[in-house]
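Asks: All chains, full assembly: derive it from the sequences and hints.
First to last, the protein sequences are chains A and B.
The number in my numbering is simply the position in the first sequence, starting from 1, with 813 added.
The number in my numbering is simply the position in the second sequence, starting from 1, with 813 added.
Fair warning: there could be bad hints in the mix.
Same chains, same names: a pair is fine if it fits in one copy or spans any two.
Said to hold, decoys possible - With a cut-off of at most 20 Å between alpha-carbon atoms, the simulated SDA-like pairs for lysine to any residue come out as follows:
(1) Lys-929 to Gly-892
(2) Lys-831 to Thr-996
(3) Lys-831 to Arg-913
(4) Lys-933 to Gly-1002
(5) Lys-831 to Asn-869
(6) Lys-876 to Trp-958
(7) Lys-929 to Phe-894
(8) Lys-831 to Asn-921
(9) Lys-933 to Asp-884
(10) Lys-933 to Asp-837
(11) Lys-929 to Val-916
(12) Lys-933 to Arg-888
(13) Lys-876 to Ala-905
Read the hints as simulated data drawn from the structure, not as lab findings.
Number of protein chains: 2
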Amino acid sequence: MNAPHAPDSFPPRGHEAKRASIMDAACSVFCREGFAGANIDLIAAEAGVSRQTVYNHHGDKEKLFVAVVRDLTERCNAGIFTTLASFPDRPAAIEADLVRFAVCMNRNCLCNRDGKALRKLIQAEGERYPELFAVWREQGPGRTWPALAARFARLALAGHLALDDPDIAARHFMALVNAELQTTFMLGGTPTEDEVLQSARNGVRAFLRAYGGREAGAHRSEAAAS
Amino acid sequence: MNAPHAPDSFPPRGHEAKRASIMDAACSVFCREGFAGANIDLIAAEAGVSRQTVYNHHGDKEKLFVAVVRDLTERCNAGIFTTLASFPDRPAAIEADLVRFAVCMNRNCLCNRDGKALRKLIQAEGERYPELFAVWREQGPGRTWPALAARFARLALAGHLALDDPDIAARHFMALVNAELQTTFMLGGTPTEDEVLQSARNGVRAFLRAYGGREAGAHRSEAAAS
DNA sequence: ATATTTTTAGACATGCTTGTCCAAATCGTC
DNA sequence: GACGATTTGGACAAGCATGTCTAAAAATAT
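Replies: Following this line, the structure appears as structure tokens:
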């Protein structure tokens, strides 16, 4: 089937291109309309292929949906781990570094197309596909939260932070940094670059007042002046 | 049409009962299946009425949906303002009082049936009904956030908190207090009483380290001991 | 008890969507 | 240029959901 001696990639080029195009369109339509509301004809049209081609590739509306979620989960996870690599291990200026990290996480993982799509699909159809989303839970939050917590633990060990429970600190960090974006997220909107930055700045400031080490101590008394 | 001299409530008793029953079932089904996936026959069955009765009352699937969201918005709003009344104005023990308030807000407004339903419907169908959800936004977040912020401002004025911007503090408070429940919310689950309490306790502790006034200052150095 | 309103069950027309089938056209490769 | 695989467009059957209509039954008020 696959060209046995092809130089670069096994299946013909146009084939994979169409596959990707279909996944893209399916993602977009499932997201907008939900699973039940999604129309295969519309997906095909949006992908620029015929309906039959969609069926050739994925066989079934449900299989297509599962493929989309799987794909999205993988891509999002990869993005998060990439971003996690930019976590400040030896911060020069911890506040600025954490803000940078938060903005990065937001821009590249939470607010981008994939992040929004995955979040919406999980919220909308999560209860209907328990095993599929169990996988997401293990592969996603189940791996990213501990990884993030470990980073905070290291920062604490190096004396840059003061915290008892790195897991809680990690959750508090993300919660604070996204605090001002929740309403926008709710309605599926994309916050502006500026909103992201503001939310991150305010969130990190509060985080450091709660969890800052010796160096950050100064911030507190300053902010505490009513 | 309505009994002109009825002693208690104007429309016949059974009529309103059926209406409520339909709204209830519709809410439940719309929530589970989404607007497109919701089936009028199923709603009727779940409400224990005939399909025709659903049409008699609401005329239209879309009108029914709008009625459900409107109803939900009102009820949730009412609940939030009621809960807001329990905000500690003159706290004896600020930490315990804030925890109590947070738990109350969670149990009665965010985790209950209506809260979960409204959240899900907004996330799933918000983009499709812009004007409907614009109303929600104004009536809901547009009124509740300032109200909550005002409470925090008062607490700060009385010297119990130290904060620059009460709006941000309010958002940070809610974010922290719900930090550990996000994953559960995502999948439409209901956190246990204990999870709610834990999340509130941890959240309030962090909040007070970030925003605590003079009295709460002691907490910080205590937690800062690695 | 009677009259009025509401509810019910079911049939019904209509339109939409899924998924299949097929013959012609297109594409990429040898 | 010829061959095989893929894609295309459209026809097609089947199922399902919405919304209407009707006559009978039930509930309510007078």
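Asks: All hints are to be evaluated individually against the structure, with a verdict given for each.
Replies: We went through each hint and held it up to the structure:
no.: 1; hint: Lys-929 to Gly-892; in the structure: within (13 Å within a copy, 29 Å between copies)
no.: 2; hint: Lys-831 to Thr-996; in the structure: neither (36 Å within a copy, 34 Å between copies)
no.: 3; hint: Lys-831 to Arg-913; in the structure: neither (37 Å within a copy, 55 Å between copies)
no.: 4; hint: Lys-933 to Gly-1002; in the structure: both (11 Å within a copy, 15 Å between copies)
no.: 5; hint: Lys-831 to Asn-869; in the structure: within (11 Å within a copy, 48 Å between copies)
no.: 6; hint: Lys-876 to Trp-958; in the structure: neither (29 Å within a copy, 42 Å between copies)
no.: 7; hint: Lys-929 to Phe-894; in the structure: within (17 Å within a copy, 31 Å between copies)
no.: 8; hint: Lys-831 to Asn-921; in the structure: neither (25 Å within a copy, 49 Å between copies)
no.: 9; hint: Lys-933 to Asp-884; in the structure: within (15 Å within a copy, 24 Å between copies)
no.: 10; hint: Lys-933 to Asp-837; in the structure: within (15 Å within a copy, 24 Å between copies)
no.: 11; hint: Lys-929 to Val-916; in the structure: within (16 Å within a copy, 29 Å between copies)
no.: 12; hint: Lys-933 to Arg-888; in the structure: within (15 Å within a copy, 25 Å between copies)
no.: 13; hint: Lys-876 to Ala-905; in the structure: neither (49 Å within a copy, 58 Å between copies)
Going through the hint list in order, the structure does not satisfy hints 2, 3, 6, 8, 13.
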